[in-house]
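Colleague: Sequence:
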Amino acid sequence: MTFHAFLIKYAEIAIKGKNRYLFEDALVKQMKLALSKVEGEFEVKKEQGRVYVFCPEEYDFDETVAALKKVFGIVGICPVVIYEDQGFEQLAKDVVSYMKNCYPDFHKSFKVYTRRAKKSYPIPSMEISAELGGRILDAFPEAAVDVHHPEMTLSVEIREKIYVYSETIKGPGGMPIGTNGRAMLLLSGGIDSPVAGYMIAKRGVKIDAVYFHAPPYTSERAKQKVVDLARLVARYSGPIRLHIVNFTDIQLYIYDQCPHEELTIIMRRYMMRIAEHFAQESGCLGLITGESIGQVASQTLQSLAATNEVCTLPVYRPVIGFDKQEIVEISREIDTFETSIQPFEDCCTIFVAKHPVTKPNLKVIRRSEEKLNEKIDALMEEAFRTTEILEIS
Numbered sequence: 006m007t008f009h010a011f012l013i014k015y016a017e018i019a020i021k022g023k024n025r026y027l028f029e030d031a032l033v034k035q036m037k038l039a040l041s042k043v044e045g046e047f048e049v050k051k052e053q054g055r056v057y058v059f060c061p062e063e064y065d066f067d068e069t070v071a072a073l074k075k076v077f078g079i080v081g082i083c084p085v086v087i088y089e090d091q092g093f094e095q096l097a098k099d100v101v102s103y104m105k106n107c108y109p110d111f112h113k114s115f116k117v118y119t120r121r122a123k124k125s126y127p128i129p130s131m132e133i134s135a136e137l138g139g140r141i142l143d144a145f146p147e148a149a150v151d152v153h154h155p156e157m158t159l160s161v162e163i164r165e166k167i168y169v170y171s172e173t174i175k176g177p178g179g180m181p182i183g184t185n186g187r188a189m190l191l192l193s194g195g196i197d198s199p200v201a202g203y204m205i206a207k208r209g210v211k212i213d214a215v216y217f218h219a220p221p222y223t224s225e226r227a228k229q230k231v232v233d234l235a236r237l238v239a240r241y242s243g244p245i246r247l248h249i250v251n252f253t254d255i256q257l258y259i260y261d262q263c264p265h266e267e268l269t270i271i272m273r274r275y276m277m278r279i280a281e282h283f284a285q286e287s288g289c290l291g292l293i294t295g296e297s298i299g300q301v302a303s304q305t306l307q308s309l310a311a312t313n314e315v316c317t318l319p320v321y322r323p324v325i326g327f328d329k330q331e332i333v334e335i336s337r338e339i340d341t342f343e344t345s346i347q348p349f350e351d352c353c354t355i356f357v358a359k360h361p362v363t364k365p366n367l368k369v370i371r372r373s374e375e376k377l378n379e380k381i382d383a384l385m386e387e388a389f390r391t392t393e394i395l396e397i398s
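Quick note: the sequence shown uses our numbering, first residue 6, plus one each step.
None of these hints come from the bench; they were simulated from the model.
If you're wondering where the values come from, they're calculated on a predicted model, not measured in any experiment.
Wrong hints could be hidden among the right ones.
If you anchor each label on the Cβ, the simulated ranges turn out as follows [unchecked claim]: (1) Gly92 <-> Pro319: 28 to 34 angstroms; (2) Arg236 <-> Gln307: 33 to 39 angstroms; (3) Arg121 <-> Ile298: 49 to 55 angstroms; (4) His265 <-> Glu172: 40 to 46 angstroms.
Where is the CB? At the ideal position from N, CA and C, for every residue including glycine.
Make the full structure from the sequences, and use the hints.
Modeller: This is the structure we're talking about:
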């Protein structure tokens with residue numbers, strides 16, 4: 006069966022009132038961006054409260070659907086066959102032909118739903134549905150009509166041409182990228198932070214990212230792993246500006262000057278400071294982390310409060326209440342899991358104390374940080390100056 010178009014269904018966008026067109030335009034923009042990577046000239050068009058993708062004569066169906074399934078804001082993708090309007094008798098023949106092509110052995114329950122966008126069409130929608138249902142029953146004697154709980158719904162939209170579809174492929178949901186500002190993701194090589202970035206992007210937020218690199222203690226393979234993760238997230242979020250910060254000198258200085266049981270908390274506090282510096286430069290409205298309460302010593306409520314203290318921007322933690330298995334399941338769905346578990350350590354796992362503090366006292370942490378006053382500002386400036394910025398798409 007050759008499908009000529011896709012009807013795109015959305016959910017939340019429909020309740021945006023007078024601003025609805027802004028969200029529709031953002032959705033169309035993201036769809037065009039996704040389809041630009043698929044061979045063929047696709048036309049994305051808004052028509053009478055609908056969004057359609059009109060396909061070229063030759064295109065790869067599976068590749069097209071895969072691209073659309075990564076566009077946030079889409080809840081359903083309906084493959085459509087378009088027929089010329091040549092009167093009702095021809096419409097009935099076309100619908101039966103559609104059924105024979107798509108469901109050659111059809112024996113389930115069904116209903117026909119007709120929508121007349123072309124109000125000049127001479128037959129009312131209910132009559133069209135009833136008559137088409139009868140024609141289908143004639144062609145498929147083992148089928149049955151069930152208007153309340155059908156196993157299949159055949160939709161017929163009457164416009165300048167006739168649009169027929171019966172399948173809805175599930176989309177990712179959410180909101181179109183770019184409709185809810187920009188935020189900075191602290192991206193490590195682990196499982197959690199790519200999932201956190203994906204989840205915030207799903208709410209329409211444009212993502213930048215920062216990664217803390219610690220050569221020679223972390224390898225180029227560890228860095229490439231993070232670049233690969235950013236690329237996987239970017240399939241959903243759109244292009245990501247990845248800041249690669251050389252964190253070695255700051256880590257070593259903290260290691261030399263501060264109590265080792267406080268190392269993780271103090272290191273995290275400086276990561277947040279650096280991430281916020283780049284976030285403010287980029288016009289971001291918040292930071293994103295993959296922290297989950299109690300998962301490790303630096304993610305107790307007391308530890309999270311200690312790292313939050315150094316931030317003026319809000320910190321968004323979308324997986325905060327998830328257990329590890331729930332996060333792993335999402336990482337598998339978005340294809341980041343296998344990359345995340347590659348055995349290349351990041352800077353967070355290199356300088357870990359044997360017995361890290363789990364309930365840090367803020368006064369004690371601030372007092373320990375005073376030991377860094379001699380050099381820390383200069384080291385921070387050097388980290389800002391030498392940061393590598395990659396555009397990941």
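Colleague: Against each hint, give a clear statement of whether it holds in the structure.
Modeller: Now the hints, each set against the structure:
no.: 1; hint: Gly92 <-> Pro319: 28 to 34 angstroms; in the structure: violated, 60 angstroms
no.: 2; hint: Arg236 <-> Gln307: 33 to 39 angstroms; in the structure: holds, 35 angstroms
no.: 3; hint: Arg121 <-> Ile298: 49 to 55 angstroms; in the structure: holds, 53 angstroms
no.: 4; hint: His265 <-> Glu172: 40 to 46 angstroms; in the structure: violated, 59 angstroms
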